[in-house]
Amino acid sequence: MSTKDLIETLNVSESTLYRWRKKNLVRFRYTESGDVRYFYKSLLICARCHRLRISGMRNDELLDRLLRYKDKLILSSCLASER
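Residue numbering for the sequence shown follows this note's numbering, starting at 331 and increasing by one per position.
Because the hints were derived from the structure by calculation, they are not lab data. Every residue gets a Cβ at the ideal spot worked out from N, C-alpha and C, and that includes glycine. There could be a bad hint or two in this list.
Unchecked claim - Under the rule of at most 25 Å between Cα atoms (straight-line distance), these lysine-lysine pairs were calculated in the PhoX-like manner:
(1) LYS334 x LYS371
(2) LYS371 x LYS353
(3) LYS334 x LYS400
(4) LYS352 x LYS334
(5) LYS402 x LYS334
(6) LYS353 x LYS334
(7) LYS352 x LYS402
(8) LYS371 x LYS352
(9) LYS400 x LYS371
To be verified - Have a look at the derived ranges for each label pair, beta carbon to beta carbon:
(10) SER411 x ASP335: 32 to 40 Å
(11) LYS352 x MET387: 14 to 22 Å
(12) LYS334 x LEU405: 18 to 26 Å
(13) GLU344 x GLU412: 32 to 40 Å
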């Protein structure tokens, strides 16, 4: 997931994502252009283990948002392949 994807999906700031990286809470990698990509599976595991905290959001809502993101991605992929 890109930084933009996470900001939109979880309604978090870039500084929150930076703190998560700094604390090694989630797996990530840098692209050749220097952008950050987060591993979806790592985010999901961290959410299920209650390692990610987002102010004003319950853990079940965090999980729901991640799962809806995945479902939306799969649906978009299916629709694109039908064209």
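Given hint LYS352 paired with LYS371 - CA-CA distance at most 25 Å: This hinted pair holds, its Cα atoms lying about 18 Å apart.
Hinted pair LYS334 and LYS371, Cα distance within 25 Å: holds, 17 Å
Pair hint LYS334 and LYS400, alpha-carbon separation not exceeding 25 Å: holds, 15 Å
Agreement of LYS400 and LYS371 with the hint, judged by alpha carbon distance not exceeding 25 Å: holds, 10 Å
CB-CB spacing for GLU412 and GLU344 relative to the 32 to 40 Å hint: The hint (32 to 40 Å, Cβ to Cβ) holds, given that GLU344 and GLU412 are roughly 35 Å apart.
Pair hint outcome, LYS402 versus LYS334 [Cα-Cα no greater than 25 Å]: Within the cut-off at roughly 15 Å; holds.
Agreement of LYS371 and LYS353 with the hint, judged by alpha carbon distance not exceeding 25 Å: Satisfied, since the Cα-Cα distance of roughly 18 Å is no more than 25 Å.
Whether the CB-CB distance between SER411 and ASP335 falls inside 32 to 40 Å: Violated: the Cβ-Cβ distance is about 21 Å, outside 32 to 40 Å.
LYS334 versus LEU405 beta-carbon gap, inside 18 to 26 Å or not: holds, 19 Å
Distance restraint between LYS353 and LYS334, which requires alpha-carbon spacing of 25 Å or less: Judged against 25 Å, a Cα distance of about 20 Å means the pair holds.
Beta-carbon spacing of LYS352 to MET387 - inside the hinted bounds 14 to 22 Å or not: Check passed, 20 Å falls within 14 to 22 Å.
Given hint LYS334 paired with LYS352 - CA-CA distance at most 25 Å: Holds - the C-alpha atoms of LYS334 and LYS352 are around 18 Å apart, at most 25 Å.
Consistency with the previously given hints fails for numbers 7 and 10, ordered from lowest to highest.
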